[in-house]
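Student: Sequence:
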Amino acid sequence: MYSPFAKTPLSAAKKRNKILFPASPRTPGSQNCSFGRSFTNSFIQETANYVIESYGCPLPVLVTEALTLAEKVSDISVKLEPFGYASLVCGRQLLIWKYKLDSDQKTNAHCRELTLPPSDLAHKADLVHLFLTDESKLPSALAVSPEGHVRYWPNINHEGSSVDAVTDLQGQECYSLTSVFPLGCILSTTTSSLVIITPTIGDGHPSVICRTLTLPLGVLAGIGRRVSSFIFGVVPTQTTEAKQLNRVLSVKCSDDEYILYVLSSSTLQKWYVSRKDRKENSDQLVFEADLDQELKQSYADKVFKKDSCLLSGLKTWCLDMQLYLSGVMVLTAGTTHSGADNNIHYALGVLDTSSDLPPQSFSSFCITDYSEKYEEELEEKLLNYKLICPTATSSFVFIFNSEKILCIQMGSHLELNEMDFKSSANLILGSGTCDGLPLFFTMVHGVISFVPSQKSIGDSRIISSMREVSFKEPDSSESTENLAAILRNAMCSYCSGDIEKCEKLIKQILPKSLSDDSELDDAVIALSLGIIDDYPVSDPRWCESVPTDSVSSSLIISYQLQDKLKAHDYLLNFLKAFGLFDKLSTSKIGDVIIPTNVLLCEHAEKLVAAKAIRLFLTDHHELIENAVRDSLDKRGIEVKNHLTPQDVFFREVSSFHTIFPSLIEWEMEELYEDESLTKILNVVMTVNKIFVGLLDAITEYRDKNGEVYGFQNLDSGGVYLPWTGRDGNTGIRSIIQKQLFVNLDHTLKLTDSIQIQGVLYQQYVDILNFYVASYKSQLDSLKSNKQAPLLKEYEKERSTFIKPLLAVEQYERAAAIAEKYLDFDILIQICEETQSGDRLQRYMLQFADQKFSEFVFKWYLNKGQRGKIFHKHLGQKEELGNFLQSHDNLKWLYYIQQEQYESAHVTLKQLALKETEYLNRKKTLLSLSKLVSLVSDIPEDTKRHQIEGINLEQDLIIHQEALPVSTVEAFGLDPSNMRVFQPEELIEMYITDENASANAYDFKIALDLLNFMKKPLSDPEVNNIRIHIWCKAILKDNWEELDTNNPLEAIKETIFFQIIELAFDQGVEMHDFIPDVEELLLSPELSQLADNPSFKFLIQAGYEHIMKIID
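First residue of the sequence shown: 34, per the working numbering; consecutive thereafter.
Please keep in mind that the hints were generated in silico from the structure rather than gathered at the bench.
Here are the simulated DSSO-like cross-link-like pairs (lysine-lysine), alpha carbons at most 27 Å apart as the crow flies:
id, residue 1, residue 2
1, K829, K819
2, K825, K896
3, K419, K406
4, K540, K285
5, K1085, K1141
6, K891, K836
7, K1129, K1085
8, K1047, K976
9, K599, K534
10, K771, K667
11, K406, K455
12, K809, K891
13, K537, K599
14, K105, K455
15, K406, K348
16, K335, K406
17, K537, K609
18, K722, K737
19, K537, K285
20, K437, K455
21, K853, K891
22, K414, K335
23, K836, K884
24, K335, K816
25, K896, K947
26, K609, K329
27, K771, K853
28, K609, K437
29, K419, K276
30, K609, K419
31, K853, K335
Quick list of the computed label-pair ranges, beta carbon to beta carbon:
id, residue 1, residue 2, range
32, N984, G1005, 30 to 36 Å
33, V319, I234, 27 to 33 Å
34, K829, Q868, 25 to 31 Å
35, N715, K891, 43 to 49 Å
C-beta: ideal position from N, C-alpha, C; glycine also.
All chains should be modelled from the sequences, with the hints used to inform the complete structure.
Tutor: This is the structure in structure tokens:
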């Protein structure tokens, strides 16, 4: 790290500019000379953003002596008051002098020496408070020792007029004094106790009234009772949850009321402190906000990329706080022990505290580029940084400790300049602000200031030319009402270096922007358009149109465009410097609502594109000139006053996009005019080249400046839809699509020349890449529930323009763009056409998180190539297994391949039981299920049980296959390709009248099929089917023709009794098998026979005979 005294030139500084101080070596003899030479505003060093110079009067002799003779530098501390006085503490010595040089003041400053109250601890300047009263031109002083001994001087010119007060803080150490004049000042302790001290003069005698702020139970530990006169009252014991104080700030609301902000550890409090009567003040705690969780989450998101593994070890701290915009800015630090990043990072978080409700989150949280290696033993030093904001709207803030100062320019990216004092004795002893300038007190130079450099605002030539025209100040009547006019006025003041006036105007803008979000957006866009469409002031041909001044004074178009781009960059810096950029929301372009920052970037991109197209003028002047003329004609713009079409076109840059359709029209005219191969190729390749050049320039600017425009966190509600991705009159997406179709329709397959093909194909891919990227960016900006329509269009367009590359065998080019935009269908086609299993396997690994393997499996299934998903070259066994969980018809193959035979058996059996369409398929599935069960290594009992279950299902299939062919055909079915019948259907097929050849065996099978039904035989529904079968068997015979003289011989030939005889021969239990005769006779199906005496006789005779036999 560089020393402030090093001789390295400033140009050597890169991202962090090391500020170099020329100074003589520090010796006791030379030091006084150095201070003696410290004249008002003497130049010290200039950086990219600031001029560092000595500030105010030379240091008084007493001060230089104290600095020179001090035994330890750590005993010295300095406080610079905003009204121009300084106090230096060295031991018990208090030196007070006026460092600010007024216009009527002599260069020598008089110094007063006072004696601080006794203390066993080191005094410090933070416990000294100076304030001005109406009674004297010299300030009064109040000092408190670290133990709480108070000394008050009504006038610093009279040391003997002081009064003392003593209090018992029970071991608490005093931390700082904060002004709430005329109410007094706030004394805070390191453990966050707060006491308001009010110095008074009554009857000519000074006194001090001290009172603790009233604290609700459970809030910061502090003093609990009112104390008056010279002596503090007894302080209650600190709570065990006392918090380390970081900073107390005050904001004056009126002469009788202040707002206090108290930062302790990671807790922020807001107080109202007001005067009750002449001698008594009142206070109210408004809110208390715990910042710890929000702070950790912010560091996790910004620094550690939401890495959940690091969150458990994340440590964060709040270090300091300053007033900023409508709230406070908090200096924070964060680190983690858990990852490779063992650095401590520093960040600035802004909280909006304007309401009486605690802030829920940081309104902005920016990580600085500064970090240090974290070591626990150095933690106190690493956390010993303080923060200065010169004003509440300052564009620069300063982080410092005794060894270095970090100058930070606010914006979406915090630009950092670093000054290092470590290698010299030029330490920082104190700080403050005065007239909006940051001030530091250093050992060598005394009081130094940081004055904004014109380099931080921009090129002086551009700035001077911007003061009147595009940013000319509006008249007084307009500026009080019109936000756009106020903004223009503020921008003018900013560019001219009048920061004070600019800040006043910004204070007018902020309330208006809060009341109407769109008004600020409209004003900013109007200002931006005014820049990019401005007139060249120095060109006499524009004398009738141009205002009194302009952004650019150049006569050359290219320089004009460059000047406009610089001016647009200054607009961004201006918006960010005063916190306006973060307040931008959305703007409407036609029917589309997009983020305003996207529209601002669009304006700059058009300037970049306009510059880029002029590079093609040398080789393609006629083409561009024709396109420019055509664009102006279509817009109805007349070229006059000795101006050229290019003068007019490139002046109004906001309409630059209109040149794209004009280029296409010229191209189509040329193609239809001459259809020779050479002409066609030259025309298309020329327009391609211009398109690629412009789109590349736009892409480069967008990628380089995306973070500047805040594209990384687009959450304002609009869609990311820049001009290159919009259709209609404001965009060119459809024009880019037309150029792609021109390539497909006219050139992609025209030539055999390898050289021309290479150029043509690459141009096509470059344009296609930009076209597809515009869809991808738009998709990413949409919420997931709104992506479906655009996603379908995106996938269609992506495939439409990548697939033609396969037809001309441009596999690598197609693969490159398909890989980038995850067109998996194209990638698989490439692998298939090139027969590259290795490529396919590589994609499976490369896109594993995007579930490429699953896409491959589905792709092969849809193509009817199911076997390929089991090829060994695919690998991905686990992914295939997961995929096949929802594909039972293939899952069993996977199990067999993995030798998981029991799982294969279960899957196959389930498939067989679910099969209803094809009998042969069910038969095959059952056979396979039995086979894998037989080869599995499961226990034999389990295996036997599995086989028995399969055998039952196979028996049912055998019964179906045994159906007479004539019966099957009678039902219009193909006997060789039958569907699977349910048991009820099979029963009916066996006993139906169409089965003319049905005999006792068929009916016995029908009765046996009752056992395959899902319900038990005792179920009424099953019993009804059973009776139905017996009735059908009875009706098969003509019972009236049977000989009743010989009943047993007669019934022997009936189907009914043949079934019984068959069952008897098979050993069936007859009591359960034979139906009840009474139930049978009551069946409706036998209603015609039930009253026939012969039938009854024969049935009952047969039953009597059978019962005697079986009994």
